[in-house]
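Asks: Given chain A's structure and the hints, the job is docking chain B onto it.
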Amino acid sequence: MANLGVDFLGIKFKNPIVTASGAYGYGREYESLYPLSRLGGISTKGTTINVKDGNPPPRIAETPMGMLNSVGLQNGGIDKFLNYELPNLMTKDIRIIANIAGSTVEECALLASKLNGTAVDMIELNISCPNVKQGGAAFGTDAKIAGEVTRAVRDASSLPLMVKLSPNVTSISEIAKSVEANGADAVSLINTLLGMRIDISTRRPVLKNNVGGLSGPAVFPIAVRMVWQVSNAVKIPVCGMGGISCGEDAVEMMMAGASLLQVGAAIFNDAYAPVKIIDEMNEWCDKNGVTDINEIIGTVRPW
Amino acid sequence: MFQNKYEIIKKKMLSYDIVDFTVKSKEISNAATAGQFVHISAPGFFLRRPISICEIGKADGTLRIVFQIRGKGTDSLSKLNEGEKMDILGPLGHGFTTNDRLNSVILIGGGIGTPPMLELAKFYGDKARVITGFKTKELSILSGDFKYAGAQLFECTDDGSLGRKGFVTEELREQIQIKKPDMVFACGPVVMLKGVKQICEEHGILCEISLEERMACGVGACLGCAVKLDKGEGEFYGHVCKDGPVFSSKEVVL
Numbered sequence: 001m002a003n004l005g006v007d008f009l010g011i012k013f014k015n016p017i018v019t020a021s022g023a024y025g026y027g028r029e030y031e032s033l034y035p036l037s038r039l040g041g042i043s044t045k046g047t048t049i050n051v052k053d054g055n056p057p058p059r060i061a062e063t064p065m066g067m068l069n070s071v072g073l074q075n076g077g078i079d080k081f082l083n084y085e086l087p088n089l090m091t092k093d094i095r096i097i098a099n100i101a102g103s104t105v106e107e108c109a110l111l112a113s114k115l116n117g118t119a120v121d122m123i124e125l126n127i128s129c130p131n132v133k134q135g136g137a138a139f140g141t142d143a144k145i146a147g148e149v150t151r152a153v154r155d156a157s158s159l160p161l162m163v164k165l166s167p168n169v170t171s172i173s174e175i176a177k178s179v180e181a182n183g184a185d186a187v188s189l190i191n192t193l194l195g196m197r198i199d200i201s202t203r204r205p206v207l208k209n210n211v212g213g214l215s216g217p218a219v220f221p222i223a224v225r226m227v228w229q230v231s232n233a234v235k236i237p238v239c240g241m242g243g244i245s246c247g248e249d250a251v252e253m254m255m256a257g258a259s260l261l262q263v264g265a266a267i268f269n270d271a272y273a274p275v276k277i278i279d280e281m282n283e284w285c286d287k288n289g290v291t292d293i294n295e296i297i298g299t300v301r302p303w
Numbered sequence: 001m002f003q004n005k006y007e008i009i010k011k012k013m014l015s016y017d018i019v020d021f022t023v024k025s026k027e028i029s030n031a032a033t034a035g036q037f038v039h040i041s042a043p044g045f046f047l048r049r050p051i052s053i054c055e056i057g058k059a060d061g062t063l064r065i066v067f068q069i070r071g072k073g074t075d076s077l078s079k080l081n082e083g084e085k086m087d088i089l090g091p092l093g094h095g096f097t098t099n100d101r102l103n104s105v106i107l108i109g110g111g112i113g114t115p116p117m118l119e120l121a122k123f124y125g126d127k128a129r130v131i132t133g134f135k136t137k138e139l140s141i142l143s144g145d146f147k148y149a150g151a152q153l154f155e156c157t158d159d160g161s162l163g164r165k166g167f168v169t170e171e172l173r174e175q176i177q178i179k180k181p182d183m184v185f186a187c188g189p190v191v192m193l194k195g196v197k198q199i200c201e202e203h204g205i206l207c208e209i210s211l212e213e214r215m216a217c218g219v220g221a222c223l224g225c226a227v228k229l230d231k232g233e234g235e236f237y238g239h240v241c242k243d244g245p246v247f248s249s250k251e252v253v254l
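From first to last, the protein sequence lines are chains A and B. Take 1 as the starting number for the first sequence in the numbering used here and just add one per residue. Take 1 as the starting number for the second sequence in the numbering used here and just add one per residue.
Quick caveat, the hints were computed from the structure, so don't treat them as lab data. All figures in this text were calculated on a predicted structure; none of them were measured in a lab. Misleading hints may appear alongside valid ones.
Stated by the list, open to error - Once the Cα atoms are required to be at most 25 angstroms apart in a straight line, the calculated BS3-like pairs of lysine-lysine come out as:
{"id": "1", "chain 1": "A", "residue 1": "K52", "chain 2": "B", "residue 2": "K250"}
{"id": "2", "chain 1": "B", "residue 1": "K231", "chain 2": "A", "residue 2": "K52"}
{"id": "3", "chain 1": "B", "residue 1": "K26", "chain 2": "A", "residue 2": "K276"}
{"id": "4", "chain 1": "A", "residue 1": "K208", "chain 2": "B", "residue 2": "K228"}
{"id": "5", "chain 1": "B", "residue 1": "K137", "chain 2": "B", "residue 2": "K147"}
{"id": "6", "chain 1": "B", "residue 1": "K242", "chain 2": "A", "residue 2": "K92"}
{"id": "7", "chain 1": "B", "residue 1": "K85", "chain 2": "A", "residue 2": "K276"}
{"id": "8", "chain 1": "A", "residue 1": "K14", "chain 2": "A", "residue 2": "K276"}
{"id": "9", "chain 1": "B", "residue 1": "K228", "chain 2": "A", "residue 2": "K52"}
{"id": "10", "chain 1": "B", "residue 1": "K180", "chain 2": "B", "residue 2": "K250"}
{"id": "11", "chain 1": "B", "residue 1": "K231", "chain 2": "A", "residue 2": "K208"}
{"id": "12", "chain 1": "B", "residue 1": "K24", "chain 2": "B", "residue 2": "K85"}
{"id": "13", "chain 1": "A", "residue 1": "K12", "chain 2": "A", "residue 2": "K276"}
To be verified - Distance windows between CB atoms, simulated:
{"id": "14", "chain 1": "A", "residue 1": "D79", "chain 2": "B", "residue 2": "D100", "range": "40 to 50 angstroms"}
{"id": "15", "chain 1": "B", "residue 1": "K250", "chain 2": "A", "residue 2": "R225", "range": "47 to 57 angstroms"}
{"id": "16", "chain 1": "A", "residue 1": "I198", "chain 2": "B", "residue 2": "G234", "range": "30 to 40 angstroms"}
{"id": "17", "chain 1": "A", "residue 1": "D79", "chain 2": "B", "residue 2": "K5", "range": "38 to 48 angstroms"}
{"id": "18", "chain 1": "B", "residue 1": "K137", "chain 2": "A", "residue 2": "R203", "range": "31 to 41 angstroms"}
{"id": "19", "chain 1": "B", "residue 1": "P43", "chain 2": "A", "residue 2": "K287", "range": "20 to 30 angstroms"}
{"id": "20", "chain 1": "A", "residue 1": "W303", "chain 2": "B", "residue 2": "K26", "range": "52 to 62 angstroms"}
{"id": "21", "chain 1": "B", "residue 1": "L206", "chain 2": "A", "residue 2": "R225", "range": "48 to 58 angstroms"}
Each residue gets a CB set at the ideal place from its N, CA and C atoms; glycine is no exception.
Here chain A stands alone, though its shape is the one from the complex (with noise of 0.2 angstroms):
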């Protein structure tokens, strides 16, 4: 067994696998499967200000090795969050990532300062959210902006910060070293691709919002580079994610340099995938002769 525990941001995470915002709710659903405790954390529901209804249905269409999701954030605003959903989780001994999501920089911030004080381990901040008309995907691809929000939620909270970036840009690594300058403890990368789908039949797009973000293994390659790209562009850690769904692809996305990982489809292939890669990860160290898993981070030797 080796050790697959990290020091990510000065929190000790048992192992590096959290899941992934908006794939896991906030883990009750799961909890008749597996005890929650295996997880490294986990990344809750994006949180609004307010109640928010999301997207009309259909909100999901199956792709080669991947979905479409156009959820649009629906959830309980964060009241329901901080009265109902964190006292849950703070019984759970997993290390809790609150996922904020405003529609404005002030929003952001508001969200952020309500945050001080409570459990909460550490804030993600979601400038990159394909499925909403105001903040999202607004935010994260304009370097600008990008600073200015994060700017903004540095200033308002007490928490470690960390920035999840959108891969809908020309250069992610611009994005990153503008959420750095501003004060961004970390980076998490990937959310979701913008994608489409057509049912030939109608001619209809099959989801309502016409377009969706694309998770799954189908974007994992995408993933791996712009987290390797990201890694060598800031000196902040990073978080990684996009289509991890087995230990080998855990393992490959730190040797990119991410030292803290999100896994989210997969779960919807297999709900087990969290705790199953955890196993592979602790199999593949074994046989790889890596006593602790901290060693391979960011070691990949480009050509």
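Replies: Chain B alone, transformed into the frame defined by chain A:
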């Protein structure tokens, strides 16, 4: 809720595109109730397929699943054979009301919406009148099973090749005239459910309908399978997998 690979112990075709599987799963059959569904992994495809439970064999720990080959995923699933294993997550969602005090119920199945009504028909037995609707006689399924369950069966086909020529909603109106039921249960195309909902509201009869929607997690985490609901305080999106698939017809905005 369980997720495991369960052995297929029986497979047959009910029509050219409707498959009937029985799998061995003591844990799921123990926990399941009429109207719940299971989420099945289709070999070679990323997302699972939500499929209603047709019959629960509590005594022998089995689960019967009947579905239509609609696309490549269900086609891949249909190619599994007896002796092979099926990767199933379930039982999921809320099922139909099963209440001993109800003395007369009407169950309505339209096309491939018919299978989930069978387990319910087994519960209500001779208290149940079952109305099924199909395009044509060759596509009708489960007639013998409903009769074996003790229910009175009223079949409808679009072309009149079996039973009544016409829609299940016409038969429902007649059956209500004959004897007003305590409750109506329905699963089928949205247009049929709209008709059933309207008729039940006209007559003040409690009605439950089973819905489907494109789904990812199946358990209520991803919020993908949205359905518009209204419980009297304005419209909002609930979710078929967790709030349903069975809903009170009054609270669904169809």
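Asks: Are the Cα atoms of K137 of chain B and K147 of chain B separated by 25 angstroms or less?
Replies: Cα-Cα ~17 angstroms, so holds.
Asks: Does 47 to 57 angstroms hold as the CB distance between K250 of chain B and R225 of chain A, or does it fail?
Replies: At 51 angstroms between Cβs, range holds.
Asks: Check the hint pairing K26 of chain B with K276 of chain A against an upper bound of 25 angstroms on the C-alpha distance.
Replies: Holds, because 24 angstroms separates the two Cα atoms, which is no more than 25 angstroms.
Asks: P43 of chain B and K287 of chain A, beta-carbon distance inside 20 to 30 angstroms?
Replies: Given about 28 angstroms between the Cβ atoms, the range holds.
Asks: Quick one, are K85 of chain B and K276 of chain A close enough, alpha carbons at most 25 angstroms?
Replies: holds, 20 angstroms
Asks: Check whether the Cα positions of K231 of chain B and K208 of chain A lie no farther apart than 25 angstroms.
Replies: Given that 25 angstroms is the threshold and the Cα spacing comes to 24 angstroms, the pair holds.
Asks: Decide if the proposed pair is consistent with the structure: K208 of chain A and K228 of chain B, CA atoms, cutoff 25 angstroms inclusive.
Replies: holds, 14 angstroms
Asks: Is the gap between the beta carbons of D79 of chain A and K5 of chain B within 38 to 48 angstroms?
Replies: For K5 of chain B against D79 of chain A, whose Cβ atoms are near 42 angstroms apart, the range 38 to 48 angstroms holds.
Asks: Holds or violated: the 30 to 40 angstroms window for the beta-carbon distance between I198 of chain A and G234 of chain B?
Replies: Because 33 angstroms falls inside the window, the suggested range holds.
Asks: Decide if the proposed pair is consistent with the structure: K52 of chain A and K250 of chain B, CA atoms, cutoff 25 angstroms inclusive.
Replies: Holds, at about 23 angstroms.
Asks: Tell me if the beta carbons of L206 of chain B and R225 of chain A are separated by a distance inside 48 to 58 angstroms.
Replies: For R225 of chain A against L206 of chain B, whose Cβ atoms are near 56 angstroms apart, the range 48 to 58 angstroms holds.
Asks: Please verify whether K12 of chain A and K276 of chain A have alpha carbons no more than 25 angstroms apart.
Replies: It holds: about 21 angstroms lies between the C-alpha atoms, which stays within 25 angstroms.
Checked against the numbered hints given earlier, this structure breaks none of them.
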